[in-house]
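**Q** Got chain A sorted already, so can you dock chain B onto it with the hints?
Residues per chain, in single letters:
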Amino acid sequence: MERAATGWIDRSQEDPALSGDGRLLAVISQIQGRPTVQLRGEDGSIRPVPQLRRHQPHSSPSLSWNGRYLALITQRGKRRLAVVLDRLNGRLHPLPLPGGRDPVRLSLAPDARRLALQVADQGQWRVELLDLSELLEPDRAAGQALTTPPLESSR
Amino acid sequence: MTPTASLLLLLSLLLLGCSGPRPTPLPDFNGLLRQNASSRRDPALAQRWLASLTLRGGRERVDLVDLGSRQPVPLPGLNRADAQPISVSVSADGTRLAVVQQRDERTELVLYRRNVGTVQRLPLEPPGVPRAVSLNADGRRLAVQVSRGGRWEVDLIRLP
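Chains A and B are the protein sequences, given in the same order. With the numbering used here, letter number 153 in the first sequence gets 153, and the count goes up by one each step, no holes. With the numbering used here, letter number 149 in the second sequence gets 149, and the count goes up by one each step, no holes.
These are computed hints drawn from the structure, not numbers from a lab.
Some residues of chain A that are not near chain B, with every Cβ distance over 12 Å (derived):
id, residue
1, Q32
2, G33
3, R34
4, T36
5, S45
6, P48
7, P50
8, Q51
9, H55
10, Q56
11, K78
12, R80
13, L88
14, N89
Here are the computed distance ranges between Cβ atoms for each label pair:
id, chain 1, residue 1, chain 2, residue 2, range
15, B, R140, A, L88, 21 to 27 Å
16, A, Q124, B, V73, 18 to 24 Å
17, A, L92, B, P25, 17 to 23 Å
18, B, R34, A, D43, 42 to 48 Å
19, B, Q84, A, I31, 30 to 36 Å
20, B, G77, A, G100, 37 to 43 Å
21, A, D121, B, R106, 30 to 36 Å
22, A, D121, B, R158, 36 to 42 Å
The structure displayed is predicted, hence computed values, not measured ones. Quick reminder that beta carbons are idealized off the backbone N, C-alpha and C, glycines included.
Extracted from the complex, chain A is given alone in its bound form (with noise of 0.2 Å):
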């Protein structure tokens, strides 16, 4: 196993989240007493999310792929709201809940196909998936092949 350098990181961090390619890093780090993300390369440095300067506290990032896609939960008012950047346009997309349940934990999946929340539901925890394929352009490895496989074989 290797680690990395101490000093990699330098101040408290929670909630770490690597990007498929494990390039990125997002994690929770108190900013002016607010947990707010952060994004940052291999080499340490802080990439810049200014579409994501307000509505702490942040929680549960996740990231896609390539790190073109950022999903995390926010605050809007008293309710909790799951969002996904797209770094690459900027664009901010919010993913209300049916019912006006509120987002706990949420995960994206590497592709930005799919994402999974937890949600409390009659006193229980719930995990419920969404279908981004309308929504988001697929973040793909590289050399992938632009057509997925179905998920099920079929004769």
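**A** The following block gives chain B in isolation, referenced to the frame of chain A:
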């Protein structure tokens, strides 16, 4: 249809047309996920694999679902009776799971290799208490949130 109702219908259709593409719930998968556990939390999605922590029979365990076949996947050797999982992450091919778990009154980070059914403890240097873990897609890089000296740090570990 009254003129008012016609107007409302027209307005609704216009609004729907202007709202653009939206995320779509997947009711088949969501029904399956509700059936398999009384409670499910901490999702980790990796292409066709969904790892999460589920409550069954009063005990929480690591659960892996193959979204292609819509079947839970056996994880022999991982969910020991004396282990309480805290966080899970899965590689894109579903063969590696990184887990933070509490066992024997200590919190540990382990790597589970599904194709051989082995659990490898990953020591933290300097020592600390792990809390949350994230694997990258090929399962060779790992980020883990660790408590040291009263503050949270993130360690990056490259795995063979």
